[in-house]
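**Q** Sequence:
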Amino acid sequence: MAQALFFDALVAWQRRLGRHHLPWQGTRDPYRVWLSEIMLQQTQVATVRPYYERFVQRFPDVRALAQAESDEVLAHWSGLGYYSRARHLHACARLVVQEGGRWPGSAAELQRLPGIGASTAAAIAAFCFGERVSILDGNAKRLLARLLAFGGDLAHAPTQRTLWQQAQGLLPENASATDMAAYTQGLMDLGAQICTRSKPRCPECPVAALCLGLAQQRVAELPHKSRRSPRRLEDWWLLLLRRADGAIWLQQRPPRGIWAGLYAPPVLATQHAALQAPPGARAGHAPTLHPVISHSLTHRELRLHLVQWQWAADAPEPVWGPGRWLLSVGQPPVALPAPIRTWLLEHLPPAAGAGTGFEV
DNA sequence: GACTCGTGGGA
DNA sequence: TTCCCAAGAGT
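With full-length UniProt numbering as the guide, the letters of the first sequence map in order to residues 1 to 360.
The set of hints was computed from the structure by calculation and includes no laboratory data.
Calculated cross-link-like contacts (lysine to any residue; reagent style SDA-like; alpha-carbon spacing at most 25 Å):
#1 Lys225 to Gln160
#2 Lys225 to Thr159
#3 Lys199 to Ala209
#4 Lys225 to Leu214
#5 Lys199 to Ala220
#6 Lys199 to Thr47
#7 Lys199 to Asn139
#8 Lys199 to Ala12
#9 Lys225 to Ala118
#10 Lys225 to Gln41
#11 Lys225 to Thr43
#12 Lys225 to Ala208
#13 Lys225 to Asp137
#14 Lys225 to Arg197
#15 Lys225 to Thr298
#16 Lys199 to Arg19
Let the hints inform the model, and build the full structure from the sequences given.
**A** Spelled out as structure tokens, the structure:
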């Protein structure tokens, strides 16, 4: 197919009808572009927007981020998911600051930094430096699979590499820096607005005349991806130690696995263990069993059983550590898993001096 | 290569 | 309800 026609048509369309007012646009500051790309990994624009705004307000540049405590960085990521992104983000910021605050100037070098893979590196390099490299995010995969009538199974890595080579081949040798930025944004915008997963708006597509998938009437079946994740069911027993003033004991989770590094009630493996009065509980008081919370992750379906015990006024700190008592989820922000945050918002006592309206 | 890692939205 | 998946990367 005619590569130059596609590139030029997409650039022109992006300038006229693409998105230009997202919070992370209108800058070539690698810090902001990088931050947005990390947040947008596997996460929709509408979800990211408020997180991005809060994050840049608190951490306006890479030095501010590098100097922050990891707990506070995680707290600002709380609810966004895939928390290893926040850990890598923080490590990456410290590496960049170590290098005098200078970012690598190419996609190949960017990709060596933690949390930056091939597609994110290409996005940053194209937006900030106009480098002639192609992204291959979910939008680009879907769009290019249809455009090229590429029927390979995208669940397989070799197939993705092939598509990436095709994507790279669509870039004109003499593509300018500003065109590369518009083109890269165009891939994302066309995928998000026109070449959508279901009900693509082909009549409005600026490259419909070039689309092999459309010509072959295969748009609905492309892209092809096998394998769906089996989701196994797990029961977690959460120990809610409640102090007389309403505070709840939270324990920092281990550095690997689900909710790594976040704060949550201690998790016990069995119902039996959760129903044994923990040391420090008020004698003679039975536990309260709260309604089960169902929470689904990519590979698991969690059933969270919350078992609440009253904490004796004269008891020492709980033996489960490191941890902390929590009276309010508001200020300062705390790194909580989403379902735990939701539950605490309903069950913690109203904030002292309530009515500020910023408890979330 | 196959798994793992969150959360919310849409069909 | 159930499934897919969204500006993917690390192990």
